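**Q** Sequence:
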Amino acid sequence: MPKPPTTVTSKEAPASGSRILLAGAGAGDVIAVELGADDSELTRTTLRSTEFGDWVREVEATSSPRWVIRSAREIYPRLLAASVPLVRTHDLLLCHAILRDTDAVARPLAPSADWLPRAPDVEVAVPALFDVIDHSSVDPIAELLEQYREQRRVIASDKNGRLALLCAAESAGGLIAEEMRAAGLPWDPTEHDRILVETLGSRPAGGGMPSQMAEFADAVRFHLGDPHLHLDSHTKLLRALHRVGVNVESTSQWELSEITHPVIAPLLGYKKLARLLSANGWAWLTEWVHDGRFRPIYIPGGVVTGRWASAGGGALQLPRMLRPAVRADPGWTLVVADVAQLEPRMLAAMAEDKAMAEAARGRDLYAGVVASGAVATREEAKYAVLGAMYGATTGDSGRLVPRLRKVYPRAMRLVDEAARKGEDGGVVSTRLGRSSPLPDTEWQEQQAAAAGDAADPLEVKRARQRARERGRFTRNFVVQGTAAEWSLIWLAEIRYRLRQLPEAATAAPASGPFANSAHLAFFLHDEVILHVPEEQADAAASAVRDAAAVATRRLFGAFPIDVPLDLRIMQTAEK
DNA sequence: ATCGTGGGCGCG
DNA sequence: AAAGCGCGCCCACGAT
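Using our numbering, read the first sequence as starting at 293 and increasing by one per residue.
One or more of the hints may lead you astray.
To be verified - Straight-line alpha carbon distances no greater than 27 Å define the calculated DSS-like cross-link-like pairs of lysine-lysine that follow:
| hint | residue 1 | residue 2 |
| --- | --- | --- |
| 1 | 713 | 753 |
| 2 | 646 | 713 |
| 3 | 451 | 674 |
| 4 | 867 | 674 |
| 5 | 528 | 564 |
| 6 | 564 | 867 |
| 7 | 563 | 528 |
| 8 | 713 | 698 |
| 9 | 698 | 674 |
| 10 | 713 | 674 |
| 11 | 646 | 674 |
| 12 | 867 | 563 |
| 13 | 646 | 698 |
| 14 | 674 | 564 |
No wet-lab data here; the hints were simulated from the structure.
In this text the structure is predicted, and so the values were computed from the model without any measurement.
Kindly produce the complete structure, drawing on both the sequences and the hints.
**A** The structure is reproduced here in structure tokens:
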């Protein structure tokens, strides 16, 4: 049994390396509970939210604890606004999702609706720093402490420690997501505007279509013989195309590009420009860039594979075209780094496929695949490898996959086995133990029905198709999910190293709590952008490289797999 | 008016 | 109209 809590009135600092559970106590108060090694309460401190920030800063400086919080997404923005960074946390919401679904232990966490992220509008409606727990008879920390103890039990039951690593990395990701939003990606609206005008043409003063776009639109309408055609309507456009003998089944660019007809060139031009205008035009710039910063919302663990999702501003879809608008502040620079072919490298290491790891040596894995003799050209290597990870069965890609089975049997066995499990309705897991969700009941019922004696052939065919779809999902899950884990550790290790750097000589004007320090500014699956003082560019670049090496070692130990970075130090993020 | 859905396209 | 995974966002359009 845990010891009874000691209520302290003095704000004495907890022991070094301790864990502190934070809970809301109503009326804006915060309760901080220091936990012992056995997760019992050692001390309890009640703080007014007005004094809370200073107290956290003091505790961070003296004892560097791991803060046990409900969710960084919910509480960290307000701390960052007061320039109070948290260094280490255990994020109960993020870890709940992992520990609930994991297949790595015999007894995973009991699922609970109380530990799901709240809908964003609900979140906004709660003004307090922490949850306000209404029923005052209940100890406000009880629920959090119970959940934390349960999570600790699951983590401890994983004897190889992978879940511990995953939860620590995931929690760090929760902090980093909020820090990157607070810092923002330095964005030059003048350069963005220049690109828009250069591409779309000048913007008419009274609103309406930019000139270059209007020219394309007029040409399309001319060739289709309809001066009033609305080009954004697929159905109307399709009918108009059919009228002039362009017999396509859709208006997608890949199908149109097969056709020879004078309308095609201006139509493709129009579509390209229309996309840029609607997705990242002047309206986007006004809505999403303020004070020279683009601040998307990152959602760690937002994809079941563990990848991050995003909300607002389409952060994960910034077109290459606009990358020159990502521009460092004066006296600062960008460190832009990405990994080439991260996923097949993860596959080679996970499967301990030495032949594939050999192909992965150096910068270009596809060149290595060609050198192995599996395929003739780099292009074929690319299609074969992607097909292997995505489950291609037909077309150029599907035709090439069997060649890889001969050369890389271990790697192929790993993904083939993941696919088989998925088709059978089973669960697959990443390197660190994030597991795929079970198929929904509708899927299971469909499979069960199709397996019965009375199943009609159409039903069987449809069920088979759904089974293969799920197989492709689980096939990809293990690879994409493990790549997400590599990236998460990479991020966390970069952040740890950047924290060791001294303050900047020149403050960045708009980086909020990071105006004086090198910081992560953007993350996209296998790429990071750092915004750093010029004098620290080399140190930051080393941090990024060292972090990558650590991520690889943490995931795969001594297995020899290259994960080379393409790293650039420059004023813009141009590729 | 508002919502859900599908086409289409950008990113990895 | 994609062969082959994972996303978010915009638009039109039909249902409510």
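**Q** With reference to the structure, classify each hint as holding or not holding.
**A** Going down the list of hints, with the structure as the test:
no.	hint	verdict
1	713 x 753	holds (19 Å)
2	646 x 713	holds (24 Å)
3	451 x 674	violated (38 Å)
4	867 x 674	holds (20 Å)
5	528 x 564	holds (18 Å)
6	564 x 867	holds (20 Å)
7	563 x 528	holds (15 Å)
8	713 x 698	holds (22 Å)
9	698 x 674	holds (16 Å)
10	713 x 674	holds (25 Å)
11	646 x 674	holds (19 Å)
12	867 x 563	holds (23 Å)
13	646 x 698	holds (13 Å)
14	674 x 564	holds (26 Å)
Of the numbered hints stated above, the single one contradicted by the structure is hint 3.
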